[in-house]
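Asks: Residue strings, one per chain:
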Amino acid sequence: MASISTKVGNFSIENPVILASGILDETSGSILRSLRSGAGAVVTKSIGISERAGYPTPVISEVKTGLLNAVGLPNPGIDNFVEEYKDFPEKKRTVVSIFGGSVEEFVTLSRRVEAAGFDKVELNLSCPHVQGVGSEVGQDVDLVEEIINEIKRRTNLQIWSKLTPNVTDIVSLAKASEKADALVLINTIRAIGVEIYSRKFALSNVVGGYSGPGIKPVALRAVYDVYKETGKDIVGVGGITTWEDAIEFFLLGARAIQVGTAFLYDDYRIYSDIKDGINKYLDSEGFSKLEDIVGVMVNNAARKGD
Amino acid sequence: MASISTKVGNFSIENPVILASGILDETSGSILRSLRSGAGAVVTKSIGISERAGYPTPVISEVKTGLLNAVGLPNPGIDNFVEEYKDFPEKKRTVVSIFGGSVEEFVTLSRRVEAAGFDKVELNLSCPHVQGVGSEVGQDVDLVEEIINEIKRRTNLQIWSKLTPNVTDIVSLAKASEKADALVLINTIRAIGVEIYSRKFALSNVVGGYSGPGIKPVALRAVYDVYKETGKDIVGVGGITTWEDAIEFFLLGARAIQVGTAFLYDDYRIYSDIKDGINKYLDSEGFSKLEDIVGVMVNNAARKGD
Amino acid sequence: MLHAKVISIKRDNKDVFTLVFDSKISAEPGQFIMIWVPGGKEIPMSLSSTSNPLAITFRTFGETTRTLATLKPGDRIFFRGPYGNSYPKPTGKVAYVGGGTGLASLNSMILKYDGDVFAGARTKDDLFLIRDEYKVATDDGSLGFKGTVVDLFVPHLSEYNYVFVCGPEPMVKSLIDRIDKKAKAKIFFSLERLMKCGVGICDSCSINGIRVCKDGTIFELQEVLKMTEFGVSRRTESGKIEFFANAKR
Amino acid sequence: MLHAKVISIKRDNKDVFTLVFDSKISAEPGQFIMIWVPGGKEIPMSLSSTSNPLAITFRTFGETTRTLATLKPGDRIFFRGPYGNSYPKPTGKVAYVGGGTGLASLNSMILKYDGDVFAGARTKDDLFLIRDEYKVATDDGSLGFKGTVVDLFVPHLSEYNYVFVCGPEPMVKSLIDRIDKKAKAKIFFSLERLMKCGVGICDSCSINGIRVCKDGTIFELQEVLKMTEFGVSRRTESGKIEFFANAKR
Ligand SMILES: Cc1cc2nc3c(=O)[nH]c(=O)nc-3n(C[C@H](O)[C@H](O)[C@H](O)COP(=O)(O)OP(=O)(O)OC[C@H]3O[C@@H](n4cnc5c(N)ncnc54)[C@H](O)[C@@H]3O)c2cc1C
Ligand SMILES: Cc1cc2nc3c(=O)[nH]c(=O)nc-3n(C[C@H](O)[C@H](O)[C@H](O)COP(=O)(O)OP(=O)(O)OC[C@H]3O[C@@H](n4cnc5c(N)ncnc54)[C@H](O)[C@@H]3O)c2cc1C
Ligand SMILES: Cc1cc2nc3c(=O)[nH]c(=O)nc-3n(C[C@H](O)[C@H](O)[C@H](O)COP(=O)(O)O)c2cc1C
Ligand SMILES: Cc1cc2nc3c(=O)[nH]c(=O)nc-3n(C[C@H](O)[C@H](O)[C@H](O)COP(=O)(O)O)c2cc1C
Ligand code: FES
Ligand code: FES
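Chains as they are written, first to last, in the numbering used here: chain D, 17 to 322; chain U, 17 to 322; chain R, 19 to 267; chain G, 19 to 267.
It is worth saying that the hints were derived from the structure and are not from the lab.
In this text, a Cβ means the ideal position worked out from N, Cα and C, and glycines have one as well.
Heads up, a few of these hints could be off.
[What the hints assert, rightly or not] Lysine to aspartate or glutamate pairs mimicking EDC-like chemistry, simulated, CA-CA at most 20 Å apart:
1) R/Lys59 to D/Glu78
2) G/Lys111 to G/Glu238
3) D/Lys80 to U/Asp299
4) U/Lys80 to D/Glu260
5) U/Lys80 to D/Glu78
6) R/Lys23 to D/Glu211
7) D/Lys80 to U/Asp282
8) U/Lys195 to U/Glu121
9) D/Lys80 to U/Glu78
10) G/Lys204 to G/Glu238
11) U/Lys296 to D/Glu211
12) G/Lys23 to D/Glu211
13) R/Lys204 to R/Asp132
14) R/Lys23 to U/Asp299
15) D/Lys244 to U/Glu211
16) D/Lys102 to R/Glu260
17) U/Lys80 to U/Asp283
18) U/Lys102 to G/Glu247
19) R/Lys90 to U/Glu211
20) D/Lys102 to R/Asp132
21) G/Lys23 to U/Glu211
22) G/Lys59 to U/Glu211
23) G/Lys59 to U/Glu78
24) D/Lys23 to D/Glu78
25) U/Lys80 to D/Asp282
26) U/Lys102 to G/Glu260
27) G/Lys90 to D/Glu301
28) G/Lys107 to G/Asp132
29) D/Lys296 to U/Asp185
30) G/Lys23 to D/Glu301
31) R/Lys23 to U/Glu301
32) R/Lys59 to D/Glu211
[Said to hold, decoys possible] Pair by pair, the computed Cβ-Cβ distance ranges are:
33) D/Ala132 to R/Leu212: 36 to 44 Å
34) R/Asp195 to D/Lys108: 34 to 42 Å
35) G/His174 to U/Pro105: 37 to 45 Å
36) R/Lys42 to G/Glu177: 57 to 65 Å
37) R/Asp157 to U/Asp308: 52 to 60 Å
Excised from the complex, chain D in its bound form (with noise of 0.2 Å):
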């Protein structure tokens, strides 16, 4: 059988299906749940400096194509989380998610992640840039670069950059995450749900954003984008459903993937199933590792960055 293990930055995987920021990662019992039921790794809900109980539902809408959410970054704040994951029993395979909105509060939180024995952050660049009207600190450039310049000069953590979708050239917010460790792709895409028997918005917050098997086209050409201009290691997310899904992903530059909306299809059962379809791609196909796999169709010529 092929093996399916990966490597993100320096982080070794034994396999490469990740819980996605904001699914069933919301308590230490779930997470520990998703590590039982065959994930790789998971990566936390956001945590921000204080508490925030969220949008008042509805927080999330079904579409044909996916999933509406607008839960609004509910969490217990950085204090209550350290206490909850005091004894934690698995924080190497955990990738704590922080979101801020300043340089300063993305290096306290991350210097308090540290502090709580886990190695691993993934930063949810998607707050409301308080200087920029109604953008998200993620869609600028400088500010991204700041932000994982100074986590990875004041603590020894290494970083994944979780990029937006929702900008002109994502390209660039990948060269300005140049320090991360490896870039994850894509967060979610702002979108909209209208129920038009009540004439009123599906989600309390109007603006939402979109997951699940609508987005996966943009997802890929984001891969496709970014593993071709820089080369940097990349783990996919958006719209992964199915093992076939997860293989588009590695073709196109993904060393690892994340899944979170297809808990609603399949729920806990995506993790074999992804890693058993991975697993018969590559034997059947011929391939020993995944690592063959990964990056395979995007020309080394081509790509920058090597």
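Based on these hints, arrange chains U, R and G with the ligands on the given structure of chain D.
Replies: Here is chains U, R and G with the ligands on its own, set in the frame of chain D:
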């Protein structure tokens, strides 16, 4: 029965269902067929200065949630176009889509279109932008503004400005289209398709435009954002395959809608299916005319520009 | 999002209402819906009848339930679901044990399978969906047994083959603490937790990694016993751990 | 995109090949697939057998068909479809009239319904899928009748109840021009045009607003007679109108 007539700029249309550019509108015969099958109006395939064969096949690739295409703007060039449409009987219900790489090209095309007896152009701003590497004309706010202002100054055409969603801020493009008579939202989203057993790209051009059900939530968000911020006349397009989809666009501010990829699922019946549905909805929900629901979900107080 | 017409709405007591609606969804006893007040919140609500016509029975707690209580026949309700698993089909002698609005969820079973119903409330005026033959407990003794429904039921446990329990978490916890874990009866609990998504992805309803909305809401005794957090702590809307008053930690 | 294993590939003559492949798609006689050479082009191809196993029969025109001709048993082919409508079930006396690679499309019918086959080609060496009983015409008289298959067939039209025609547009046009429009036979034509999408959205195959790929490829005589562009002009890849040589405009 409720009235479903509508008005976009100065254009009064008997019904709000319009054929989108690029789908079954390369030949005058098919354009007449759409009008006879119940379209309120049609938009032609985008016409450029000179003849283009487009990209080699494969130029389309179906995905679960819609369609990827990279047809490559095949068109006979403006000379041949004018020749074919010399005696065309439906010039007033036909919006001519044009594309170009510069202000001058757009103006030249517009003048030819006007001279040929048409009175409406739709600007397809998705052409590669010569100055900007890899970017599109339609992503450059200043260029969009200049193109529209120049066409307005030098012709009497009504201008529909069709915006690309591949930008950080679609509202600024809408504002740059201030002088346009209407905004058409949205063009396709850049995306990629992969075939895992051959490990080849699904389209000959690698990157293509994503359309169909999967982009509807994104198109709705664009219509909402732009209507709220500008109050301009909007033609909604992107993923409309049922009458319910059409209603969603009207409620957020679209005065008419276009259908393209829907032909894959519903073929020419799409016109009557959507029209019948709108009629039934208006009747059963107690509205006497389509206009009564246009934009009702967008808080008037919050909406600028009125 | 589905919508349906209200057929009737009836006040069961001072703050409990039963809303009957016309929908073709097929649901099993014990399942719940996420009911939405357009422009307002979406909340989980058990179906108090799962055979045609469907119904919900709710106490007016806050804004959402108060708005639902103002609906009139012919108005629309908006919801999604049904969600969650359902009560298993019982055999032998059956008991239902309900406290608070728990009787709403049990009612869909009671309509289908005969059994002895034990219902508890603070006072006589807080009871609802009650029939003469029910065994009633009130905290103040204003009707039936004076004490909790747990006090009333526990001595009778050995008489039953199937027991279905639904009520506030502290009540359920106290029942579990006091019963013989080796009783012959199969005992099922319908649990309630804060629910944001209802479909098993947001983690807001999880107890020790078990989602009430999707893995439940109905669990057998042995499953609940494994939940070390049950009756001890729950999550607030932020995901923060909050301890129940008087809970043994 | 579907894929299937090549079972066999056989050279029918100097530049025509029949490729048999193993696929579970169900197709009707007259339907076509869009076959793709990964990394290269995707082209329309009729199924020359629509019962298991499926087959295509093609002339090596350019890069794509030449690449297909190099495939070996066990190799994969990639395709989507089947697309298009199909030939109707005939009754009575049946004739098949094929010119060029037209016989490929007709072959799926010939395998199912007996009939007289009229096949034409430039020379003896250009013929393929030919059986002894077929009535053959060659331009140079190197086999059978000297002349076109249209010359050979037209005098016999009145003998048939159903006629199925497939061939290059000028051949089909000349047949239509020369036959009695009031003949008792039901005559069906399988048309070929430049096809980019194959699914009825790109308009590249349209004749007077009728899409060959989706409204066809099979049309009855009356439908073809309404196509004023048929045999007169077609579209190039750019959508430009191009006139057939010698076409009466
Ligand atoms: C599976 C399930 C089934 C339920 N079935 C019934 C039922 O049949 N009848 C009934 O009367 N009640 C039922 N409830 C409780 C019901 O959901 C709450 O009473 C309701 O959410 C209160 O909303 P509100 O806006 O009126 O009050 P709020 O002002 O929002 O809150 C009042 C109280 O309700 C609780 N609550 C608020 N939101 C939620 C939420 N999303 N999930 C759970 N609790 C919440 C709060 O803890 C608070 O104590 C059920 C709850 C769950 C989880
Ligand atoms: C519905 C349909 C069914 C067909 N069935 C058969 C068949 O059973 N056997 C067979 O040999 N041929 C068939 N053809 C023709 C076949 O598609 C062309 O021979 C093939 O596209 C040539 O591709 P190439 O790359 O080898 O040659 P190219 O170098 O691309 O071109 C050679 C010739 O093929 C024509 N051609 C190229 N692309 C297309 C296209 N997309 N659509 C139509 N014609 C094209 C060109 O006009 C040119 O004259 C069919 C065509 C259609 C429309
Ligand atoms: C309900 C929900 C909550 C989410 N919360 C977060 C979050 O807190 N932080 C974050 O970085 N991404 C969050 N995401 C985005 C996902 O991590 C992921 O990037 C996105 O959903 C695309 O992947 P998918 O299609 O597999 O779900 C959330 C997504 C969903 C559906
Ligand atoms: C095959 C195809 C070709 C297209 N060609 C054009 C074009 O030439 N000009 C243009 O402005 N838009 C073009 N589009 C975009 C459509 O007009 C429309 O904006 C988009 O497909 C979204 O709508 P839909 O989801 O209803 O298809 C094309 C779309 C498709 C699918
Ligand atoms: S309510 Fe979201 S997981 Fe249960
Ligand atoms: S090939 Fe595209 S419409 Fe026929």
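Asks: Next step is simple, just say for each hint if it's right about the structure.
Replies: So, going through the hints one by one against the coordinates:
1. Distance hint between lysine 59 of chain R and glutamate 78 of chain D is fulfilled; the C-alpha atoms sit about 16 Å from each other, no more than 20 Å.
2. With a C-alpha separation of about 17 Å, the suggested pair lysine 111 of chain G and glutamate 238 of chain G falls inside the 20 Å cut-off, and the hint holds.
3. Proposed proximity of lysine 80 of chain D and aspartate 299 of chain U is contradicted: the alpha carbons are some 26 Å apart, above 20 Å.
4. Taking the CA atoms of lysine 80 of chain U and glutamate 260 of chain D, the gap is near 12 Å; set against the 20 Å cutoff, the hint holds.
5. Our distance criterion of 20 Å between C-alpha atoms is met by lysine 80 of chain U and glutamate 78 of chain D, whose separation comes to about 16 Å.
6. Among the hinted pairs, lysine 23 of chain R with glutamate 211 of chain D is consistent with the structure: their alpha-carbon atoms are about 16 Å apart, no more than 20 Å.
7. Restraint check for lysine 80 of chain D and aspartate 282 of chain U: satisfied, since their Cα atoms lie roughly 17 Å apart, inside the 20 Å limit.
8. This hinted pair checks out: lysine 195 of chain U and glutamate 121 of chain U have alpha carbons roughly 19 Å apart, not beyond 20 Å.
9. In summary, the hint linking lysine 80 of chain D to glutamate 78 of chain U is supported, as the alpha carbons are separated by about 16 Å, within the 20 Å threshold.
10. For the suggested pair lysine 204 of chain G and glutamate 238 of chain G, the alpha carbons sit about 7 Å apart, so the restraint of at most 20 Å is met.
11. For the suggested pair lysine 296 of chain U and glutamate 211 of chain D, the alpha carbons sit about 17 Å apart, so the restraint of at most 20 Å is met.
12. Proximity of lysine 23 of chain G to glutamate 211 of chain D is assessed by CA-CA distance (about 47 Å); at most 20 Å being required, the pair is judged violated.
13. Under the criterion of a C-alpha separation no larger than 20 Å, the hint pairing lysine 204 of chain R with aspartate 132 of chain R is consistent with the structure, at around 16 Å.
14. Between the alpha carbons of lysine 23 of chain R and aspartate 299 of chain U the distance comes to roughly 18 Å, so the proposed pair stays at or under 20 Å and holds.
15. As the CA atoms of lysine 244 of chain D and glutamate 211 of chain U are separated by approximately 18 Å, the hinted pair is consistent with the 20 Å bound.
16. Distance restraint check for lysine 102 of chain D and glutamate 260 of chain R: the Cα-Cα separation of roughly 17 Å lies within the 20 Å cut-off, and the hinted pair is therefore satisfied.
17. Proximity of lysine 80 of chain U to aspartate 283 of chain U is assessed by CA-CA distance (about 18 Å); at most 20 Å being required, the pair is judged to hold.
18. Taken as a hint, the lysine 102 of chain U and glutamate 247 of chain G pair is honoured in the structure, with Cα atoms around 17 Å apart against an allowance of 20 Å.
19. Simply put, lysine 90 of chain R and glutamate 211 of chain U have alpha-carbon atoms about 55 Å apart, too far for the 20 Å limit, and the pair is violated.
20. Taking the CA atoms of lysine 102 of chain D and aspartate 132 of chain R, the gap is near 49 Å; set against the 20 Å cutoff, the hint is violated.
21. For the suggested pair lysine 23 of chain G and glutamate 211 of chain U, the alpha carbons sit about 16 Å apart, so the restraint of at most 20 Å is met.
22. For the hint linking lysine 59 of chain G to glutamate 211 of chain U, the alpha-carbon distance of about 14 Å falls within 20 Å, and the restraint holds.
23. Simply put, lysine 59 of chain G and glutamate 78 of chain U have alpha-carbon atoms about 16 Å apart, close enough for the 20 Å limit, and the pair holds.
24. Note on lysine 23 of chain D and glutamate 78 of chain D: the hinted pairing is violated, with a Cα-Cα distance of about 34 Å set against a maximum of 20 Å.
25. For the hint pairing lysine 80 of chain U with aspartate 282 of chain D, the CA-to-CA distance comes to about 17 Å; that is within 20 Å, so the pair holds.
26. The straight-line distance between the Cα atoms of lysine 102 of chain U and glutamate 260 of chain G is roughly 17 Å, inside the 20 Å bound, and the hint therefore holds.
27. Restraint check: the Cα-Cα separation between lysine 90 of chain G and glutamate 301 of chain D comes to about 18 Å, which is no more than 20 Å; the hinted pair holds.
28. Between the alpha carbons of lysine 107 of chain G and aspartate 132 of chain G the distance comes to roughly 11 Å, so the proposed pair stays at or under 20 Å and holds.
29. Note on lysine 296 of chain D and aspartate 185 of chain U: the hinted pairing is violated, with a Cα-Cα distance of about 43 Å set against a maximum of 20 Å.
30. Between the alpha carbons of lysine 23 of chain G and glutamate 301 of chain D the distance comes to roughly 14 Å, so the proposed pair stays at or under 20 Å and holds.
31. Among the hinted pairs, lysine 23 of chain R with glutamate 301 of chain U is consistent with the structure: their alpha-carbon atoms are about 14 Å apart, no more than 20 Å.
32. A hinted pair counts as satisfied when its Cα atoms are at most 20 Å apart, and lysine 59 of chain R with glutamate 211 of chain D qualifies at roughly 14 Å.
33. A hinted range of 36 to 44 Å for the beta carbons of alanine 132 of chain D and leucine 212 of chain R is inconsistent with their spacing of about 26 Å.
34. Taking the beta carbon of each, aspartate 195 of chain R and lysine 108 of chain D are about 38 Å apart, inside 34 to 42 Å as hinted.
35. Our hint of 37 to 45 Å for histidine 174 of chain G and proline 105 of chain U holds, since their Cβ atoms are close to 43 Å apart.
36. Roughly 59 Å separates the CB atoms of lysine 42 of chain R and glutamate 177 of chain G, a value that falls within the hinted 57 to 65 Å.
37. At roughly 55 Å, the beta-carbon separation of aspartate 157 of chain R and aspartate 308 of chain U lies within the given 52 to 60 Å, and the hint holds.
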